[in-house]
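Going down the list, the protein sequences come from chains R and L.
In terms of my numbering, the first sequence has 282 at position 282, counting the first letter as 1, and numbering is strictly consecutive.
In terms of my numbering, the second sequence has 403 at position 403, counting the first letter as 1, and numbering is strictly consecutive.
Rather than coming from a laboratory, the hints here were simulated on the basis of the structure.
For every residue, glycine included, the Cβ atom is placed at its ideal position computed from N, Cα and C.
Which residues of chain L face chain R? A partial, calculated answer using Cβ under 10 Å: (1) G85; (2) E89; (3) I139; (4) Q140; (5) T173; (6) K248; (7) N252; (8) Q388; (9) Q389; (10) C392.
2 protein chains.
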Amino acid sequence: MEKLTAHDLAKAQKEISVAEFFERNKHILGFGNLTRALVTTIKEAVDNALDACEDVGILPDIIVKVTNGEDENECLVAVEDNGPGIVSEQIKHIFGRLLYGSRFHAIRQSRGQQGIGISAVVLYSQLTTGKHAKIMSKIQENLPVVVIELAIDTNKNRGDVINKSLDHWDKTTGTRVEVPIHADYVRGRRYAYDYLRNTSIINPHAKITFVEPDGTTHIFERTSDIIPKKSEEIKPHPQGIELGTLIKIAKNSRARKLSSFLKTEFVSMGSRTTMLVCEKAELDPNMNLTDLTRNQFQNLHRAFKQVKIMAPPMNCLSPITESLIRRSLKQETKEISPEFIITASRPPTAYAGNPFQVEVGLVYGGNLPKDEQIKIMRFANRVPLLYQQGGCIITQAIENIDWRRYGLDQRSGKGIPNGPAIILVHVASTQIPFTSESKEAIADITEIENEIKLALRICARNVERHIRKKVRRKKTRDKFILITKILPEIAKKSASMLDRPVPILDPVITKIMDVIWIEDFIEFETVKGYPVQTTLLESNSEKNSKSMITKSTIAVYNYKPKPQKFTLFAVIPEGAVVWSVSPEPSQKTTHYLKWKIEDIPPAQKIDLTFKLAGLQKGDVDENDLYVANINPANVIGADKWEGE
Amino acid sequence: MEKLTAHDLAKAQKEISVAEFFERNKHILGFGNLTRALVTTIKEAVDNALDACEDVGILPDIIVKVTNGEDENECLVAVEDNGPGIVSEQIKHIFGRLLYGSRFHAIRQSRGQQGIGISAVVLYSQLTTGKHAKIMSKIQENLPVVVIELAIDTNKNRGDVINKSLDHWDKTTGTRVEVPIHADYVRGRRYAYDYLRNTSIINPHAKITFVEPDGTTHIFERTSDIIPKKSEEIKPHPQGIELGTLIKIAKNSRARKLSSFLKTEFVSMGSRTTMLVCEKAELDPNMNLTDLTRNQFQNLHRAFKQVKIMAPPMNCLSPITESLIRRSLKQETKEISPEFIITASRPPTAYAGNPFQVEVGLVYGGNLPKDEQIKIMRFANRVPLLYQQGGCIITQAIENIDWRRYGLDQRSGKGIPNGPAIILVHVASTQIPFTSESKEAIADITEIENEIKLALRICARNVERHIRKKVRRKKTRDKFILITKILPEIAKKSASMLDRPVPILDPVITKIMDVIWIEDFIEFETVKGYPVQTTLLESNSEKNSKSMITKSTIAVYNYKPKPQKFTLFAVIPEGAVVWSVSPEPSQKTTHYLKWKIEDIPPAQKIDLTFKLAGLQKGDVDENDLYVANINPANVIGADKWEGE
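Sequences and hints are given; from them, build the entire structure.
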């Protein structure tokens, strides 16, 4: 072999176009096999449709239609929305260029981020079928629809308009994408269905229609008319920024002075904070921005971390909320009739300056299989994640919790636990750190893992509490039945046999039981017209419709030998408003009701009732009850009050 | 809120530079946290150094030096090689542009593929420290070294030479990269060490020196002087190509006629195959390439799959080889003293037209923990994969095998099994389908998963055989000791007590044992000068040095009551050459030795010996022995011969 030199090697060096790169690495974009290609195509188009509708405040109405293509393993996927449409000059860029989009430079929560997704679909379509994508867009009621046939020039990463025409479309506004792709419909069908179903669960404001090649039509109806609060765009937070980025922002800034640079380019930088930062960095706030040296930038960067700066505003996030997660899980598991559903959410926080928030839900018991791994449902910015479970920080966080401490079965305290449970985790962020452009798994960012773990532990502790309560109640219930049902029968019978008066059993009963027994019953009533408190609720649109009232009755039995006096608390579920309470509580806050219970005589019971508005049927299975001023070991059905 | 329209949304649409994209998504490149950033930086630089050296046939001598930076959490990483250097005009492109490189368009196995790795390191350095990278390159002994300080303009994705100078460097040729990075050395140290150690294990021809900030120096010595066979560049194979790519290649081809296009742009397309393909596609081989319509391309594409086309040549791959894997595992586990090491490799095959090959190794027993998950060692194109184990097809393949059938402990037949084992998997390919640009995990490509599973099953069956053999031998050994040691003692003692002659025990022994007992012993001898067969071996360079001879002695005991006559086979390990055999075998092939064993009388034994050259000490622990023409149930120590 002739010896090669650096010059020989240099000849081979070439630029790689980003489109070529992704064409070669199509698995990175979620097109690794024919099943996945189908799901990814639908997903990218639907995500875009949802984002577009929400951007302009339209309730999404999305149709996904798959038909057989002319070749075996070829499908035609069409996705149509009722969004604002796309101005015609932008179509070739949005669908024909990778890394082109509106959301990359904006710091706010949205499904699309990178400007890759939908153009990757067009690229995949062209790569596998050699055909063009067809895009239809109507941006105003009195305008025609623009129909564009599009190809991608991968050497240049540019969209080529092959054909452009105008037509009539019987729709106010909207977009339709049609792509022929190489895909396996038979195997991919189930995943496509799951993706759409889970999307509809987590986006109850969207109506999604799915038409299969044989004409079968699935309609996932809208279950809410409220468009999620639009997340606001924010500027970067100084504490999350890298030194290099700081220098870059300064280079591109229009500000002339250091102080105005700090105030205009970042959030949370008021005049006072700006002065403090400059002081700490030993820099004159009035100095010219262009005069700053690398060392001075470094001092500034250090000062950001030494001065207390307000957290970034969190209206850039749009979490699902616990009550919606609960409702979704309820819907998802209604055939399983689970024992309980628990949710938890963490306050928003940030990783590397990117705000994020974690919400979790846990379903336990019912017909869920006891001997299998628990099921994990992962969501990021309201998009279900179907693949790459093993490589996702959500899974890792679950695996790294010792669930044995919380009553689940888990070998050596690591790995996915076994047991009758489903765990749902939603991460909302201005930038979800996906492990790759296929957006199937979240990377292992320590801050995110920790937040997921904290949220899961809240859930887990509640699971443990539920299980403990259940076990304790079960033990006492046997006694209870014996005492309240069988003992009186025996007494009556023997009294009648002996022809003597029925003895008073109360002292015996209280002696055997020796507890306060609390039970609660929940009923749902429909009332006409909405309760007065409606303005506190999100759902104004339901004002004049029939409304649901949740009625709780709490029965407190004193099975102690002496009269008992204590305090009882009932926690008001998130999203609920108190409609009426009887008897009048001694305190009523937005979070709880508090009754001072005075001297229930032995073997007597009292009833407490309260009605809540603002919940849907089934939102609550049982009340969170707590007691104070009594030894909680003497109480079944309520825990020790740890509140203020 | 004022209603937004498509025009409002259009204003936000912007191009995203690829450098900006990766800057924002630095976790995708392996810079997700400060520990990983350290390892990725070292990895990218070392991978490049190894590739460069191998490209020109130089034995790599690589120095990795980490020193503390001026700031807390800042390190200076320097990686120096003795490769061919880089011509000075190319430096700013190779280190300063993402998606620029020599390997992307070439179909052959190499560590680097995408032209992202090292420029991502420079990008990360700049992002986190605001400083420049320093690159030194010397391409010829009598030339000075070029020293370049480099920045990246992320808006344009171009390298900016900040400073360029010439200097003297006391080195024939070579490259040095120095980057200041934000990293956590304390936590990252162990991973950096593991990466370099594993790299050295799998690249025994490389010498790697690792100098830590406190001056501690680790030298991973070269254990072989043979540079791996350079993989050859090939053209794409027609059967793996997508229709879109076919059309694109045709567009860019210089060929005028269809037939010459097919012959020049693809492998395995000889004149005959070309004619057959054209015939099947109903196309005139002499037609002008530019005249082909999309439909005709489609016919051509279909025809590729209908005609038998030779597999692509596999010299584009450079596997590790089983004997080297075995040696590496031996080295890796020498403190564990495992019971056995098993390797398996599959023939090369292809996914989507990309040739690939799977090799696996399995270590069992010894001091490996019995109650923990087995350890998995993953390699791709001779590069160790440290992170993202859960998201890798290698892990998935292991999890999807029911290891319980092979004697390992695995809950419900799924997941990573528990037991005293280490599994090593190496995937070699012209294009490793990594799940993301951080190159930490292989995507789930069905073909690759299947090959890994097939290779693992071969290993697993051998594990099972070993365990079964061990159990059976153990059972019989107790009898054996009783019979061959204790029984004669008793006979002697009782004879002397009774003053009678010692009885002949043979009939008793054979009656109790009733088996053929085969044992083998392996010794290693060093001989001077190399055995004659040396030309068959790879290692010519060792010709005149001392060589290792592996001597096996097989003892065959007949503990059956009658004389026994059967055939015995000894398999010759891969890479070994037979040096001498005694007694002369009845057949000797490159794969096995075969003896016809004639009538061993009861209670007698015979010895068979053979010496092998070409192996290193410890390459073989025990021989693979098989028997024929006898009921294998009557034999301990050899299995039934299933060969031809």
